[in-house]
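Engineer: Going down the list, the sequences are from chains A and B.
According to the numbering used here, the residues represented by the first sequence are 162 to 251, in order.
According to the numbering used here, the residues represented by the second sequence are 775 to 1167, in order.
In short, the hints are calculated from the structure, not lab data.
Note that CB positions come from ideal geometry on N, CA and C, so glycine has one too.
A few chain A residues facing chain B, derived, Cβ under 7 Å:
#1 179
#2 183
#3 188
#4 190
#5 191
#6 193
These stretches of chain B come out as covered by chain A in the derived footprint (C-beta under 8 Å, 3 or more residues):
#7 840-849
#8 867-876
#9 883-897
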Amino acid sequence: MAFDPDVRWRLHHQVAVRPEPFGALLYHFGTRKLSFLKNTTIVEVVNSIGDHPDARSACRAAGIDDAQQAPYLHALRVLAESKMLVTGEA
Amino acid sequence: MTSLQPVPRLVEQFEHGLDAPICLTWELTYACNLACVHCLSSSGKRDPRELTTQQCKDIIDELERMQVFYVNIGGGEPTVRPDFWELVDYATAHHVGVKFSTNGVRITPEVAKRLAASDYVDVQISLDGATAEVNDAVRGAGSFAMAIRALENLAEAGFKDAKISVVVTRHNVDQLDEFAALAARYGATLRITRLRPSGRGADVWDELHPTAEQQVQLYDWLVAKGDRVLTGDSFFHLSGLGEPGALAGLNLCGAGRVVCLIDPVGDVYACPFAIHDRFLAGNILSDSGFGSGFANVWKNAPLFRELREPQSAGACSSCGHYDSCRGGCMAAKFFTGLPLDGPDPECVEGYGAPALAQERVKPKSSVDHSRAKPVMLKLLTKPPARLCNESPV
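Isolated chain A (complex conformation):
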């Protein structure tokens, strides 16, 4: 699927986030898929993404400036592909 970093994203309502020393575990109760967030910055982005108008501003708010966003946007794309993240208003 296409991942558009310039639109609003949010966690799917069936996704639970469990904090871990390395980052967090994500579990989707609908797809029964597990994902790993491997640092605390991406955890911050994922947890707050619904509060921002688009994915890029969620990254900026977590202290990732535009030049460093590529790996984070990639991670968000992977999460969108596995339906952990969905577009739209909460």
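Given chain A's structure and the hints, the job is docking chain B onto it.
Structural biologist: Quick look at chain B alone, frame taken from chain A:
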């Protein structure tokens, strides 16, 4: 998986253990309507000390607090517990997802409809042959028909993505494509796992486990067609057969680190394949010096703390594949009578075969709920090799 940093760091984190398991297996009962020859929990008879409904609910509350996302419920045949559906509903209402394994005995059209209505329950139907002939030889007469009826009922009720769970043996390894076709027919996903010499599996492992050639065949099949096949990461002992990462999944032993087993009486073992005193961490109902309850056992049990320490590679330390297979499966070694710090009995480098050929003593089962079977007596034709090797009667 999301990747921002190299995977090995995560593997190390997992080897040191998490504050709570990612998932755990919970055998709800030792009672079973079948008597599969390879049953890893030696199930059959119900244990009189089986946890009550309330005790089970208390455990679910604790799992919710620990944010254990889901439990793999098994047995025995878990659906024969009269409170089974009550417990499933209680778990899902408390944000603990349920995947349960069944031989299909209770998956009637009505139950299938009910299951199809829930987003939080996943069903796994056990099948060990793609034909009745191969399946029933291991799982018992009529068990193939029972499983297929359950799959039909689920498909008719609109249940999406049931799992067909297959233990790979010498006799069904050639049927992998047929299993995949069966799964496709019922809108299900194929899940294949490794045969362990645990429980009654210890008695049949020598005859049933795939040969060395078949292990390669299995590995090649997984690499070629395993994309949409679940494995429970159970074939990590085969990782050395190809490039690192060719097999999907974490490929590490999670025993006591990211997984564990709760048995029907509340005993906590390191993993579902290790029901033996050697791997017993504690009991949820009693305090063995580190507090009672599941969280205390998980965090404080000496066995689990030991498993989270760096493990010795032992005899495998000079092998170039150690980084990929990590010495293989602890339970497979233990129950075949091999040293824990040596090669896996199905080591892809072939180091397991000579170890198996040597004199070894398989540990006696310490938990057995098998129903009594008639014992065949035979006359000795030569003196026994060891004490008590055969019945003196």
